[in-house]
Amino acid sequence: MGILKYIFPMQPLASVEGRDIDTLMYLIHGLILVLFVGWAVYFIVVLIKFRKSNNPKVQRTSSASKISTMVEWGVAALEFLLLFAFSIPFWAVHVASKPEYKNVLEIRVVAQQFAWNVHYAGPDGKFGRASAKFLDDNPLGLDPDDPDGKDDITTMNQIYVPVNKTILISLTSKDVVHSLGIPAMRVKQDVIPGMSTTVWFTPIKKGQFEIVCSQLCGLGHYRMRGIVNVVSQMDFDRWIQEQKGNHD
Amino acid sequence: MSISKKPSHDASFVQKYVFSTDHKIIGIQYGLTSLFFLLFGFGLMMIMRWQLAYPGHALPVMGTIFGENNMPGGIMLPEFYNQLGAMHGTIMVFLGVVPLGFGGFGNYLIPLQIGAKDMAFPRLNLLSYWIFFAAGGLMLASFFLPGGPTGNGWTSYPPLSDLAHDGQSIWLVGMFLIIISSLFSSINFIVTIFQLRAPGMTFERLPFFIWAQLVTAFLLLLAFPPLEGAAFMQLMDRLLGTSFFLPSGLDVSGQVLTNISGGGNALLWQHLFWFLGHPEVYVIILPALGIVTEIIANNTRKPISGFNYMRYSVIFLGFLSFIVWSHHMYLTGMGTNVTAFFQTTTMLVSIPSVIIISGLFITLWGGSIRFNSPMLFALAFLPMFGFGGLTGLPLGLATTDIPLHDTYYVIGHFHYVVAPGVIFAIFGGIYYWFPKATGRKMNETLGRLHFWPTLICMNLVFFPMLIQGIAGVNRRLYDGGESYLFMHDVLYWNVIISWAVWVMAVAQIPFIFNFFWSIFQGEKVTSDNPWEATTLEWAAPTPPPHGNFTKKITVYRGPYEYSLEGASKDYSPQFEKDI
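The listed protein sequences derive, respectively, from chains A and B.
With our numbering, the residue at position 170 of the first sequence is 170, and numbering never jumps.
With our numbering, the residue at position 100 of the second sequence is 348, and numbering never jumps.
Keep in mind the hints are simulated off the structure, nothing from the lab.
The beta carbon of each residue, even a glycine, is placed where N, CA and C say it ideally should be.
Just so you know, nobody snuck in bad clues.
Each computed DSBU-like pair below joins lysine-lysine, with the alpha-carbon atoms no more than 30 Å apart: (1) A:Lys57 <-> B:Lys772; (2) A:Lys98 <-> A:Lys165; (3) B:Lys365 <-> B:Lys799; (4) A:Lys57 <-> B:Lys689; (5) B:Lys800 <-> B:Lys817; (6) A:Lys126 <-> A:Lys98; (7) B:Lys689 <-> A:Lys52; (8) A:Lys206 <-> A:Lys126; (9) A:Lys102 <-> A:Lys150; (10) A:Lys57 <-> B:Lys825; (11) A:Lys98 <-> A:Lys205; (12) A:Lys150 <-> A:Lys126; (13) B:Lys689 <-> B:Lys772; (14) A:Lys52 <-> B:Lys817; (15) B:Lys365 <-> B:Lys825; (16) B:Lys689 <-> B:Lys825; (17) B:Lys264 <-> B:Lys772; (18) B:Lys365 <-> B:Lys264; (19) A:Lys205 <-> A:Lys165; (20) A:Lys49 <-> B:Lys817; (21) A:Lys205 <-> A:Lys5; (22) B:Lys689 <-> B:Lys365; (23) A:Lys150 <-> A:Lys133; (24) B:Lys689 <-> A:Lys49; (25) B:Lys264 <-> B:Lys800; (26) A:Lys57 <-> B:Lys817; (27) B:Lys772 <-> A:Lys52; (28) A:Lys205 <-> A:Lys102; (29) B:Lys825 <-> A:Lys52; (30) A:Lys102 <-> A:Lys206.
Simulated coverage check for chain B against chain A, where a stretch passes if three residues somewhere in it have a Cβ under 8 Å from a Cβ of chain A: (31) 486-498; (32) 593-602; (33) 636-645.
Not close to chain B: a few residues of chain A, all C-beta gaps over 12 Å, as computed: (34) Lys126; (35) Asp145; (36) Lys206; (37) Asp237; (38) Gln243.
With the rest of the complex left out, here is chain A:
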């Protein structure tokens, strides 16, 4: 296992949903390894056995083609197995649908060049109204007169979440295309202006996990970094109380 750290250095997994992705990552790379080694062995044998000095006269009858046909169908069958047994169901359950659990924390993230604005509904569970005309006052454009927004919490580049709770993030962009990548959670979702997309995950480890912008968004793209802080439910509740009504 030691060498795997160097040639297959996946980030330590920190979410429930990522397990299936990792399983498929190992399976598909196992398939690649077997196929490539198989081909390579055949290739080396052929190049030695049939070089001109070893085989001056061509043999036109070939016994290799039957095996090759079997290999071709075998490869295709395995690929479709991985596709139908893993990839398509995963997408249906974990990506294209919203989490079915009731116990979900919803967060809104608004991306801009080159920062992540994070928006919590606060203790009342209701997000305040946002509008472009208030963008001069606060980066999310929250309406100061909306009572729902009074206790909302906003942060920049820091997402606080409780461990073992499903987090649903709604994503929008103010300017160009960004992409919310959280490698440890096996999460990546494009953020496209004019569209709202969602992504969700259930963290299983406490700690700090980096957010990396995964679509070229301009000259500051390389430093559009954020942090997901996974804390205990108690610490999270305390944080919410401290932040209450704090727009930045």
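With chain A's structure known, arrange chain B on it following the hints.
Just chain B, lined up with the frame of chain A:
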């Protein structure tokens, strides 16, 4: 018709070598121009690799020549890094590899291999090259704009590209011209292959190279127009105030954009771009597969195994390439049905691909393999291209695309396909057809001196990228990933990769020297068919004159009749009646 009219002996130098209608001169023009662009695009990457290996350090020796706007004190700015990246991609794909494989090899070889005197439309051919040349010049000129060239990636996603400085407009006009040039070429190639085949040259007897070029031409003809439209739409967004790709309510750098009408869709560009972008991949690889097939048949002295299946596969690949484009966009918010469709079509691609690669692998079995320079490159193509294809599987499955999308894994994957894959095939093709074009062979020792270091360096460059990608290192990061703690464990590879890139540059010197030296000093060939090959180009005089053939060409058999039972020699050319 003007095709049959030979130029008079006193045709001026300009008519003969600059504005020539001879497909061979045009092919060589395409070849030399795109080789120059390959080297130039490689040069851009060599500068970027300094910043990636030693972020924030001044580039030694030549750091100051790029100016205070780009590299103050020799230290690269993020703007310049993005510009180099965007131009590297654009130049390598649209001005390097595609015009080399299609414009260069296609132009030179198609009429020769089908036994024609020239292309169907020689003047259109001339126009096609010079439009391409103008597009290349425009792309180069954009480096001298006050704001520099475009820096939005070779994919130019809006709104970023819609809102970018003038370099983007020049890029769009350049793309517009490249597409026009490609459309002219593709029409010309299709008509030529359908109409101008020599007597006896049925479709069954066409070499695989011609099949590959024919499918490529159809791909260009059908896939490029959507991008032509998209480029025009983006140009209108930038210059005429339309909002095809700009949604309402954009707020850029703290300013709400009030001068745009809005209501557009940023995703639309991605669909139009990748509708071309994916067939473009096959435009890159099919000519390479054609070249490799010719070289392998010749140097194993065997017919191609499963040639029939390979032909059908290449046509099937062409069809499939039109219905896989959205696998570049899995993470834009797609539903299950759409991803299921595109994952399935993407996995289907592997079937014809594996059939073609297996055909070539099996051809080796039982052969009498000659290891000359063209063959070394063609052989190395097989595992390298194969590996590039295999690493496409995790990207083609939407689920494993989540951790890998936009990382160096993607870069490693497609470079395995294109660099030690397609570019090796192209090198092989240059060594293989050089004697036909010049009458002299390239030097074998220098060929090996070129081959081995290049092969080793290619793998030292691209394999570590797969490792970095698995660790989650994103592409297009100006500091190579230094800003991110979780990437630190694999950043030592950046230094190794960069040095491998620079050593690989040194390894191209034997090739460049060999290329020019051999034109004048290479070993002279004693026959028109020095490799003892079977296809029609070897029936032409060396080098072939304007009009190609001095005797009447009739085709008697299929393209790869090597080592026939009862034949007097181990090759039976298509153009000889007796075996």
